[in-house]
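Novice: Given chain C's structure and the hints, the job is docking chain W onto it.
Protein sequences appear in the order of chains C and W.
All you need for our numbering is the position in the first sequence, starting with 1, plus 7.
All you need for our numbering is the position in the second sequence, starting with 1, plus 7.
Keep in mind that the hints were calculated from the coordinates and are not lab data.
Among the hints, erroneous ones may be present.
Pairs involving identical chains hold if they fit within one copy or between any two copies, as the list cannot separate such chains.
[Said to hold, decoys possible] With a straight-line cut-off of 27 Å between C-alpha atoms, the simulated DSS-like cross-links for lysine-lysine are:
1) K455 - K287
2) K68 - K123
3) K361 - K328
4) K361 - K292
5) K296 - K414
6) K361 - K414
7) K386 - K272
8) K430 - K29
9) K386 - K455
10) K361 - K455
11) K296 - K384
12) K386 - K280
13) K296 - K415
14) K19 - K29
15) K349 - K440
16) K287 - K386
17) K183 - K386
18) K361 - K332
19) K296 - K282
20) K296 - K386
21) K384 - K280
22) K123 - K29
23) K90 - K106
24) K309 - K349
25) K98 - K37
26) K415 - K361
27) K292 - K384
28) K272 - K384
29) K292 - K386
Below are the chains, spelled out letter by letter.
Protein chains: 2
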Amino acid sequence: MNMDEVLNEALKLYKPTEEEEKNLSNLAEKIIHQAERYSSSYPSIRKITIEGSLAKKTWIKGKEEVDIFIHFNPEVSREEMEKQITELGFKTLDDLDGKPRLMYAEHPYVEGRINKVVVNIVACYNVSPPNWLSATDRTPYHTRYILDNMREEARDSVRLMKAFMTCCGVYGAEIKVRGFSGYLTELLILYYEDFNKAVEEISRWRPPIIIDIAKHYSSLDEVSKLFPNQPLIVVDPVDRYRNVASAVSEEKLCRLVLASRFFLKSPSIRFFKPKPRVFKRAYIKRIMKNRRIVGLSFRLSKWKPPDVLWGELRKSEEAVKNTLKRLGFQVYRTDSWTDEEKICLILCEINDDKLPYARLHQGPPAHHPNSLEFIEKWKNHPERLAGPWIEDSRLYVLRAEQITDVKKLLRREIQEGRVSIAKGLLEDVKKGKIVTSIEDLMKDGKLKAYVNEFIEARLPFI
Amino acid sequence: MNMDEVLNEALKLYKPTEEEEKNLSNLAEKIIHQAERYSSSYPSIRKITIEGSLAKKTWIKGKEEVDIFIHFNPEVSREEMEKQITELGFKTLDDLDGKPRLMYAEHPYVEGRINKVVVNIVACYNVSPPNWLSATDRTPYHTRYILDNMREEARDSVRLMKAFMTCCGVYGAEIKVRGFSGYLTELLILYYEDFNKAVEEISRWRPPIIIDIAKHYSSLDEVSKLFPNQPLIVVDPVDRYRNVASAVSEEKLCRLVLASRFFLKSPSIRFFKPKPRVFKRAYIKRIMKNRRIVGLSFRLSKWKPPDVLWGELRKSEEAVKNTLKRLGFQVYRTDSWTDEEKICLILCEINDDKLPYARLHQGPPAHHPNSLEFIEKWKNHPERLAGPWIEDSRLYVLRAEQITDVKKLLRREIQEGRVSIAKGLLEDVKKGKIVTSIEDLMKDGKLKAYVNEFIEARLPFI
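Here chain C stands alone, though its shape is the one from the complex (with noise of 0.2 Å):
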């Protein structure tokens, strides 16, 4: 298939039909008017609308969601904000059995589910720029600027677009993922005009790469210096002080702009319909016969909104990595997962699952007052196996390890309040297990298809 045969039969999984979108937007429409029912009782909201992809008209099959936006009063408290979009969503979702839940980004939404469609009903103060109360309030003049700049055919670009970032991991600027928003991919297509000569530019990144698409600024030296150390700049049209990129990592960054190259260069349909490998049970006991693997697996004791749960996941991960590396382990990579439901688990490959028999231990300088000590202390000490000797000026002696078994280790130090665990997390990962075997990981149906690819740390679009 050439480049544009890819890209039609790529439009035909990815384009929702006239029937789908009507179906949608149905959907939000009912959804405003259950709300709207319980708004009037609340005098500080002024009006309530439609944004995000289904607005713009720029969502993917697959991705379906409706935003529903509240408009409050700007002299409304955003205390008293909170509280009512948390009634008014909990009661509007009720209504249409949408299993509300409350989430936190930066301030409090309401997220749930209706015939599969995630729904949010999201709060946002009715101002006018650049007198931003709330994060959200930008949003409805994301939407108004993409709805005004954008060209009908573009929609197919940005949803191509939108495709491809998701088969290859990077749509999406939750914490879980810290890649590509919808916006930010809108901007992107409005930018390079279309999905070709985006993925041509895109290939062609060395970060750091800066756009001002509505020129706020006069040179890009002066937007670099107020967005330093970020990998992708892109300035908010409306609103000059903001990197709409900001969630972007530089490995991310780094993935799109290497699947890019490899599109261009042989492009296939595959790019937009990723095969997860899954793995037959000898063929994994074969190749990690020599590997070595300690993982940490705990259950959540309760529930909590996904970008807080993958912030302290991160963060909890990269603290296991230190301490096996401060233990005396080679840590080749780590990476985490959670169903962000009950299960979650950390994942380090490491060079051994026991430790040398010995570690060099060092005294103070040979004409320090307590060099006599150390050697009184170590000259018949159990641990002792050789020494102490002088080597520059200091006194070493060669000990011999207590503990060598990474399991232990690990549970040790976890016990001992020695790894800065997210404190969120900490009470269930003392509860948790200490694994080193990739088949007893296996047997959990749910973390199979994640342990394939923890083994396997292939780039997917490869």
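Specialist: Chain W only, in chain C's frame:
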């Protein structure tokens, strides 16, 4: 025993009797007599003298040595002088059945052995300070300085200090030891008056230490600028530009400080009578069960002066250590040994005799033109375990280690010339053996004591 009793006891061990003094003097006279029979046919020889510890009457039992100095006319070329001292030395010692050998310090001299006494026949130029033409020209002035300045009673202190230093392994300026020369020991006793005071002062040393006995300089600052980065500076009374202690390593300096502190804390004859501990094979087997040693054992294809050999051996030891580290091993400590005739051994204690199963292999940054090539190369590479993935902005794969055995790895690195073994030893090393079994090494009776010492790595006075 109190301090005085210990020192009396030590003197009994080390102070030669009058008869022993007489015998050594007679031997020296005999050698001079023999040398003079030849020297008449060398018109550039001005005179022949006895120097060193025999002349200064500071020698100790077990370290008998006769230093015969042949004084040359300063107008004789270096080359001619070297030729003549070699001829004269060989003839003289051959006549006395002294098995002469040509040795190199800064310039050549001839060493022999008569009735187990080491005899050195050394050339110097007959010059006055500061018109030195060669390194040995100062020696007759050192002898005279000590004879002129040292009280009769201080000689016993010198003997005690030499014995004390010998027993803690810091006596001798040769490369093997990197410790204190006889002249340096004499100067320390001159400076501190007697053994007790010297030990007390040394026990308080904190490097750098500066001593200027003849007050050549008005401030110590001036001295320290002239001899930068030296842990011990003792300005030569006969040459203000020379540090008598330049050969002393920081390690040996610290060792003497520690030994002095220990001795003062609990004076004992054991500081003058070290007992080398030789362990039973079963004991060694037990304590070495988990420990990992790799050794390089080789035979010398030709004899060379010890200072040359030890220099090459230390350089090669450092090279082996660096190679093991580069390969991925932890090296806890290293040492070398040679009988100075046939056998050499370099030993390293390491964390494991195998490398981990894998290592991280870093590729180019994702935006680099070579990154596609890297991915193509690695995606189905037989050594690939996981990856390629992106971390920060770079590509990585986890690569299987093909050879993990330390013996095979070290053998390969040596054969392929990637270990900076001293040139003079390279061919012998290539024909040598790499061993990982302490028991194999212990089979060689000559090595046994040394291997014991290596296993223990304990300061000798503890």
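Novice: For each hint, tell me whether it holds in the structure or not.
Specialist: Checked hints:
{"no.": "1", "hint": "K455 - K287", "in the structure": "within (11 Å within a copy, 55 Å between copies)"}
{"no.": "2", "hint": "K68 - K123", "in the structure": "within (12 Å within a copy, 97 Å between copies)"}
{"no.": "3", "hint": "K361 - K328", "in the structure": "both (16 Å within a copy, 23 Å between copies)"}
{"no.": "4", "hint": "K361 - K292", "in the structure": "both (20 Å within a copy, 22 Å between copies)"}
{"no.": "5", "hint": "K296 - K414", "in the structure": "both (18 Å within a copy, 23 Å between copies)"}
{"no.": "6", "hint": "K361 - K414", "in the structure": "both (9 Å within a copy, 22 Å between copies)"}
{"no.": "7", "hint": "K386 - K272", "in the structure": "between (67 Å within a copy, 16 Å between copies)"}
{"no.": "8", "hint": "K430 - K29", "in the structure": "neither (45 Å within a copy, 84 Å between copies)"}
{"no.": "9", "hint": "K386 - K455", "in the structure": "between (52 Å within a copy, 22 Å between copies)"}
{"no.": "10", "hint": "K361 - K455", "in the structure": "within (26 Å within a copy, 32 Å between copies)"}
{"no.": "11", "hint": "K296 - K384", "in the structure": "between (42 Å within a copy, 24 Å between copies)"}
{"no.": "12", "hint": "K386 - K280", "in the structure": "between (66 Å within a copy, 19 Å between copies)"}
{"no.": "13", "hint": "K296 - K415", "in the structure": "both (21 Å within a copy, 22 Å between copies)"}
{"no.": "14", "hint": "K19 - K29", "in the structure": "within (17 Å within a copy, 112 Å between copies)"}
{"no.": "15", "hint": "K349 - K440", "in the structure": "within (14 Å within a copy, 58 Å between copies)"}
{"no.": "16", "hint": "K287 - K386", "in the structure": "between (55 Å within a copy, 20 Å between copies)"}
{"no.": "17", "hint": "K183 - K386", "in the structure": "between (53 Å within a copy, 26 Å between copies)"}
{"no.": "18", "hint": "K361 - K332", "in the structure": "both (13 Å within a copy, 19 Å between copies)"}
{"no.": "19", "hint": "K296 - K282", "in the structure": "within (25 Å within a copy, 50 Å between copies)"}
{"no.": "20", "hint": "K296 - K386", "in the structure": "between (41 Å within a copy, 20 Å between copies)"}
{"no.": "21", "hint": "K384 - K280", "in the structure": "between (65 Å within a copy, 24 Å between copies)"}
{"no.": "22", "hint": "K123 - K29", "in the structure": "within (16 Å within a copy, 110 Å between copies)"}
{"no.": "23", "hint": "K90 - K106", "in the structure": "within (18 Å within a copy, 104 Å between copies)"}
{"no.": "24", "hint": "K309 - K349", "in the structure": "within (8 Å within a copy, 74 Å between copies)"}
{"no.": "25", "hint": "K98 - K37", "in the structure": "within (14 Å within a copy, 118 Å between copies)"}
{"no.": "26", "hint": "K415 - K361", "in the structure": "both (10 Å within a copy, 23 Å between copies)"}
{"no.": "27", "hint": "K292 - K384", "in the structure": "between (47 Å within a copy, 25 Å between copies)"}
{"no.": "28", "hint": "K272 - K384", "in the structure": "between (67 Å within a copy, 16 Å between copies)"}
{"no.": "29", "hint": "K292 - K386", "in the structure": "between (46 Å within a copy, 20 Å between copies)"}
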